[in-house]
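Listed below, chain by chain, are the residues.
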Amino acid sequence: GAVVSQHPSRVICKSGTSVKIECRSLDFQATTMFWYRQFPKQSLMLMATSNEGSKATYEQGVEKDKFLINHASLTLSTLTVTSAHPEDSSFYICSAAGASGYSYNEQFFGPGTRLTVL
Amino acid sequence: AQRVTQPEKLLSVFKGAPVELKCNYSYSGSPELFWYVQYSRQRLQLLLRHISRESIKGFTADLNKGETSFHLKKPFAQEEDSAMYYCALSQTGANNLFFGTGTRLTVIP
Chain A
1 GAVVSQHPSR VICKSGTSVK IECRSLDFQA TTMFWYRQFP KQSLMLMATS
51 NEGSKATYEQ GVEKDKFLIN HASLTLSTLT VTSAHPEDSS FYICSAAGAS
101 GYSYNEQFFG PGTRLTVL
Chain B
1 AQRVTQPEKL LSVFKGAPVE LKCNYSYSGS PELFWYVQYS RQRLQLLLRH
51 ISRESIKGFT ADLNKGETSF HLKKPFAQEE DSAMYYCALS QTGANNLFFG
101 TGTRLTVIP
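Taken in sequence, the protein lines are chains A and B. Okay, so the first sequence: first residue is 1 according to this note's numbering, each after it adds one. Okay, so the second sequence: first residue is 1 according to this note's numbering, each after it adds one.
So that you can see chain A by itself, here it is in the shape it has in the complex (with noise of 0.2 Å):
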């Protein structure tokens, strides 16, 4: 159980345009979800943390106008990268908490999202 999902896995697209990516708790339902950034060879770098039904956290230097997070669901949450450039390319990945039978703190993440802005 505790099977996170994300779609989709790679996109590219042209620079000025707008990307979503939907991350989803296939099999439980997620009081948080989380979402990270991971450049090439670097860590996971958490960018936000997002609850169902309420705005997100975002961290320092994250520009939460530049990355819309929504958490519509226990299930569901999707971020877009609005107006990519290519200094948005990286690898995204989701991440949700919050199973059943799970302590309150164990993430679960999804394969994750590779992102190319030409």
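Careful: at least some of the hints might be erroneous.
Stated by the list, open to error - To give an idea of the chain A side of the interface with chain B (calculated C-beta under 8 Å), a few residues:
{"no.": "1", "residue": "F34"}
{"no.": "2", "residue": "A97"}
{"no.": "3", "residue": "E106"}
{"no.": "4", "residue": "P111"}
Claimed, not checked - Restraint ranges, calculated between C-beta atoms of paired labels, are given here:
{"no.": "5", "chain 1": "B", "residue 1": "H50", "chain 2": "A", "residue 2": "K41", "range": "43 to 49 Å"}
{"no.": "6", "chain 1": "B", "residue 1": "T68", "chain 2": "A", "residue 2": "K14", "range": "30 to 36 Å"}
{"no.": "7", "chain 1": "A", "residue 1": "Q29", "chain 2": "B", "residue 2": "R3", "range": "31 to 37 Å"}
{"no.": "8", "chain 1": "A", "residue 1": "P40", "chain 2": "B", "residue 2": "E80", "range": "20 to 26 Å"}
{"no.": "9", "chain 1": "A", "residue 1": "K14", "chain 2": "B", "residue 2": "Q2", "range": "34 to 40 Å"}
For the record, the hints were derived by calculation from the structure and aren't laboratory data. Source: prediction; values computed, not measured. Don't be surprised by glycine CBs; every beta carbon is placed ideally from N, CA and C.
We have chain A already, so just place chain B on it with the hints.
Here is chain B on its own, set in the frame of chain A:
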């Protein structure tokens, strides 16, 4: 502010040899520490957490508050242990995670 440091980016050991992946942290509160592992072409997954005091796949990690360390150890490395290992910290009462930069472990046959 919290910080997790993994001083080794790469670590190679021979099969059967002991392995230790280092992790140090800084945090003013009482943290919860984790080790996550990412095998080739797989997603990140929890290996162990300090409050569980478990041995998972032969790995153990002890939280040393005096040295602010949470090193991961295994007495006899196996080839299947080759992976990327991340140390992570969760703040008191929170469910967010802050990761170290990771250590790529290669076990040489």
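Task: Hints violated by the structure (listed by number, smallest first) - done: Failing hints, ascending: 5 and 6.
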